[in-house]
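K.L.:
Sequence:
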Amino acid sequence: MDYIIRRITLPPGQTTGWHYHQYTIFGVVQNGTLSHFDASCKSDGGYKKGSTITEPGGAKYVHIGRNLGKKPVVLDVAYIMPHGTPLSTDAPNPGCDFQ
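Numbers given in this note's numbering equal positions in the sequence shown, counted from 1, plus 370.
Check before you lean on any hint, since a few could be wrong.
[To be verified] The calculated lysine to any residue pairs, modelled on SDA-like cross-linking and capped at a C-alpha distance of 20 Å, are:
1. 418 x 460
2. 430 x 409
3. 419 x 398
4. 440 x 409
5. 440 x 469
6. 419 x 460
7. 430 x 408
8. 430 x 386
9. 440 x 380
10. 418 x 398
11. 418 x 378
12. 412 x 450
13. 418 x 383
14. 418 x 376
15. 441 x 386
16. 441 x 390
[Claimed, not checked] Simulated restraints, written as ranges between beta carbons of each label pair:
17. 453 x 411: 29 to 39 Å
18. 446 x 426: 25 to 35 Å
19. 420 x 465: 17 to 27 Å
20. 383 x 452: 33 to 43 Å
21. 420 x 394: 13 to 23 Å
Rather than coming from a laboratory, the hints here were simulated on the basis of the structure. Each residue gets a CB set at the ideal place from its N, CA and C atoms; glycine is no exception.
Between the sequences and the hints, there should be enough to build the whole structure, so can you do that?
P.N.:
Below, the structure written as structure tokens:
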């Protein structure tokens with residue numbers, strides 16, 4: 371198994387892009403507010419500084435994280451998965467009117 375901690379920074383107006391993870395991941399918002407949307411194009415959470423987030427694994431959990439605020443969003447994310455597994459897999463926009 372690989373145990374990876376990664377810091378991700380999203381400048382204002384940026385996104386993670388549509389993607390999914392093969393295994394559940396865990397994160398903590400260190401700065402800013404992360405706006406999180408699922409494949410139905412609906413918000414499934416807003417995560418402020420100090421909040422934790424859990425993203426389930428599997429292709430049926432396509433999502434996007436967006437920084438709709440004025441300061442950078444900084445996330446510390448933990449990945450626990452078999453060696454060599456990609457951290458995420460890109461997915462097409464499921465039909466939402468935003469990217």
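K.L.:
Among all the numbered hints in the text so far, which are the ones the structure does not match?
P.N.:
Those not satisfied are hints 1, 4, 6, 12, 16, 18 and 19.
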